[in-house]
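Chain A is already provided as a structure; the job is to place chain B with the ligands on it using the hints.
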Amino acid sequence: MAANYTIPALTEDPDLRETPELTPGAMGHLKPFVAAPAHQEALGFPGTLVDGWEEKAVARLGELLGKYRSLQVYLDACVKCGACTDKCHYFLGTGDPKNMPVARQDLLRSVYRRHFTPMGKMFPRLVGAKELDRAMLDDWYSYYHQCSQCRRCSVFCPYGIDTAEISMAARDIMDHIGLGQKYCNEIIGKVHKIGNNLGLPEPALADTLEGLEEDVKDDTGHDVRFPLDVEGADVLLVTPSADFFAEPHVDGLIGYAKVFHQAGVSWTLSSHASEAANFAMFIGSYEQMHIIANRIRQAAIDLKVKRIVFGECGHAWRVAYSFLNTLAGPWDFLDPKYPVPQHILEFTRDLIRNGGIRLDREANTGMTLTFHDSCNVARASRMGDFEGGQFVIPREVIKASVPKFVDMHPDTIHDKTFCCGGGGGLLTDDLIELRVKGAQPRVSALKQVVEREGVTHMAAICAICKSQFTKVLPSYGLDMEMVVSVHQLVSKAIRLGGND
Amino acid sequence: MSVLFALLYYTAAAVFAAGLAYKIHRYATVPAPLKIPTTPAPLTRTGVAFRLAREVGLFESLFRADKLLWALAVLFHLGLLLVALRHLRYVVEPLWFWIVWVQPFGVYGGLAMLAGLTGLLVRRFVIPRIRYITGPSDILMLLLLLGIGVSGFAMSAVARTDIVAVKQFFLGLMVADIRPLPADGFLLLHLFLVAVLAIVFPFSKLLHAPGVFFSPTRNQVDDARERRHVAAWARPLDQQR
Ligand code: SF4
Ligand code: SF4
Chain A
282 MAANYTIPAL
292 TEDPDLRETP
302 ELTPGAMGHL
312 KPFVAAPAHQ
322 EALGFPGTLV
332 DGWEEKAVAR
342 LGELLGKYRS
352 LQVYLDACVK
362 CGACTDKCHY
372 FLGTGDPKNM
382 PVARQDLLRS
392 VYRRHFTPMG
402 KMFPRLVGAK
412 ELDRAMLDDW
422 YSYYHQCSQC
432 RRCSVFCPYG
442 IDTAEISMAA
452 RDIMDHIGLG
462 QKYCNEIIGK
472 VHKIGNNLGL
482 PEPALADTLE
492 GLEEDVKDDT
502 GHDVRFPLDV
512 EGADVLLVTP
522 SADFFAEPHV
532 DGLIGYAKVF
542 HQAGVSWTLS
552 SHASEAANFA
562 MFIGSYEQMH
572 IIANRIRQAA
582 IDLKVKRIVF
592 GECGHAWRVA
602 YSFLNTLAGP
612 WDFLDPKYPV
622 PQHILEFTRD
632 LIRNGGIRLD
642 REANTGMTLT
652 FHDSCNVARA
662 SRMGDFEGGQ
672 FVIPREVIKA
682 SVPKFVDMHP
692 DTIHDKTFCC
702 GGGGGLLTDD
712 LIELRVKGAQ
722 PRVSALKQVV
732 EREGVTHMAA
742 ICAICKSQFT
752 KVLPSYGLDM
762 EMVVSVHQLV
772 SKAIRLGGND
Chain B
4 MSVLFALLYY
14 TAAAVFAAGL
24 AYKIHRYATV
34 PAPLKIPTTP
44 APLTRTGVAF
54 RLAREVGLFE
64 SLFRADKLLW
74 ALAVLFHLGL
84 LLVALRHLRY
94 VVEPLWFWIV
104 WVQPFGVYGG
114 LAMLAGLTGL
124 LVRRFVIPRI
134 RYITGPSDIL
144 MLLLLLGIGV
154 SGFAMSAVAR
164 TDIVAVKQFF
174 LGLMVADIRP
184 LPADGFLLLH
194 LFLVAVLAIV
204 FPFSKLLHAP
214 GVFFSPTRNQ
224 VDDARERRHV
234 AAWARPLDQQ
244 R
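As given, the protein sequences belong to chains A and B, one line each in that order.
Per my numbering: the first sequence ends with 781, consecutive numbering throughout.
Per my numbering: the second sequence ends with 244, consecutive numbering throughout.
For reference, chain A alone in the conformation it holds in the complex (with noise of 0.2 Å):
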């Protein structure tokens, strides 16, 4: 299939990076498919646009701004300084100027500004306050659904204004009035439903597990497990549905099952709790984060288990590192010896650590890595005891894994990092323009180390950054199977044997 909208050129050294021309209204066609009355309505939300929507959003936005701090303090503090402006992918790949991170919080503040502040309701036009009407509802739904929620922006601000903050917001008040994102909402029930984002029923995910022990015996000839629902396990973890079968996720997989087989640690997998993603917090509900996140808490409690690790994920890890505590805690009946929850990338270096596992890196001769952050890893969270753990412990798995290690252009790794481009709940067919164009920063930098530095794949730790790279490499002529997962690396290098 043609592209039907022109893919934007790489940039040849980033220490050079150019801001683009202003393209104003260059995205604005652009708008994902709307949630169907039935998606709204199993995450109690209006069916479709309810009447008086002008101010049932106002009452709503009231409402958010008593119960959020960030978002109260963020539409009074921005300065319009603009040092966040050439800092957002979406608007390096696209040039339209309501992608740059203040016109893109400045949708919602300058309804903001006409109802909830003095300046805005004398002098509106001085302050840039504006009534919310349909036009605006209209750019509210294009652009905050333009925003992958990556907090680059955040980072670079001088008061630390997260537009990732202000987006969430936004799609809430959207679906309180009954317009809401299909690709979100739609997964979401399914999880309600099924128990993961893929709607994978609990007996096609044992097959599909069974099918993995039997190809991994072919493979190495070990009896490597791959367990659901064992009661008394002593680690469940909670990965991501991708990772079942998708490429390269499943190769992940069965690198953490290798993992855990070769420590001898007894783990499980819940068909309760079969996925690790939590897009509530892209439409920015917290009651239904809430919900999906106790069925982890659940899970733990039904299966007996003693300590909860997470499989490769970003958002996943966000809400799992920064926010399961709050939401599904107090984990006081789990082993107090173990951080809760762990990443699996914590679990597998400290296996190479303490020589619980070795790893052979001639396993992978003739593969050069560089390795992306992900935006919610990266700038969202932390692995390890220490600050910067979550840069620092992928890139030593990699290493310990692999023969050769690049990083990319300093501008683009740790809390620089670009997003992939379909973050945030944006990695949906509709917005593909979107996606392809946002990931340009990215892919720059990849090119970059890929003709200098012979860098031949790209590992990445989240499920949606490798469904997104292996769809949209090809169109900057790359091939969509240099992305790999940091697990599939590990699996490849692991030396089995000797406890079966």
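If you are wondering where the hints come from, they were derived from the structure by calculation, not from laboratory data.
A few of these clues could be false.
[Claimed, not checked] Straight-line C-alpha distance at most 27 Å; calculated DSSO-like pairs for lysine-lysine:
| # | chain 1 | residue 1 | chain 2 | residue 2 |
| --- | --- | --- | --- | --- |
| 1 | A | Lys348 | B | Lys26 |
| 2 | A | Lys402 | B | Lys26 |
| 3 | A | Lys312 | A | Lys471 |
| 4 | A | Lys498 | A | Lys471 |
| 5 | B | Lys70 | A | Lys697 |
| 6 | B | Lys26 | A | Lys411 |
| 7 | A | Lys337 | B | Lys26 |
[Unchecked claim] Away from chain A, derived, C-beta distances all over 12 Å, residues of chain B:
| # | residue |
| --- | --- |
| 8 | Ser5 |
| 9 | Val6 |
| 10 | His90 |
| 11 | Pro97 |
| 12 | Leu196 |
Since the model is a prediction, treat every value here as computed from it, not as a measurement.
Backbone N, C-alpha and C fix where the C-beta goes; we use that ideal spot for every residue, glycine too.
Relative to chain A, chain B with the ligands alone:
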């Protein structure tokens, strides 16, 4: 005229204090229901205090974002700080030794402030991205501050003002005694603009000053796995499970 300005200053002080107190109270009482520090973030309260200090004192994030903007912002804010310290001599009697010591720096501060403001203003017109996000109030705010700076300098450079009398006026205000204010054009303009600034402060983007201390992405400790962080409004949800 003295009575008018006395009233203006009492009003300005009242609006400034009440408006700011209201806003700060609001920022402090609206809960932050989730841990959202922009990571890597400090693991301890002390670490957070240092992070905020670097943000407020050195504009750390801005430095990473945009060096030119950072330089202009530092010029302006540091200049403003020196000017403000210099102006303490109008309200403190007897003078503390360091106020005397800081006087000459206050003048450089004033120049730095004007240079910074001019740069910030030019930026708003010549960089298309910045022009796009600039509204009338953003320009007016810069003009207001420039007006204050220029009228201030004019008092010493163009038409000298009897600053001893000015000081008496302000010391008088503090004891509810309205003393005569020299009727100089520049002085009155200067004082008027400062009063306007104080009045709009709690209703404008100047709220970035208190706001930065309440920004959850900057003021939270990274300890989410160790400590629960449940907001009062979220507690009933825990009972439902
Ligand atoms: S960097 Fe922060 S204060 Fe500056 S324009 Fe962007 S959001 Fe506003
Ligand atoms: S959170 Fe990310 S996607 Fe959203 S405005 Fe900021 S930089 Fe852009």
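- prompt: Going back to the hint list, which numbers does this structure go against?
  reply: Hint 4 alone not satisfied by this model.
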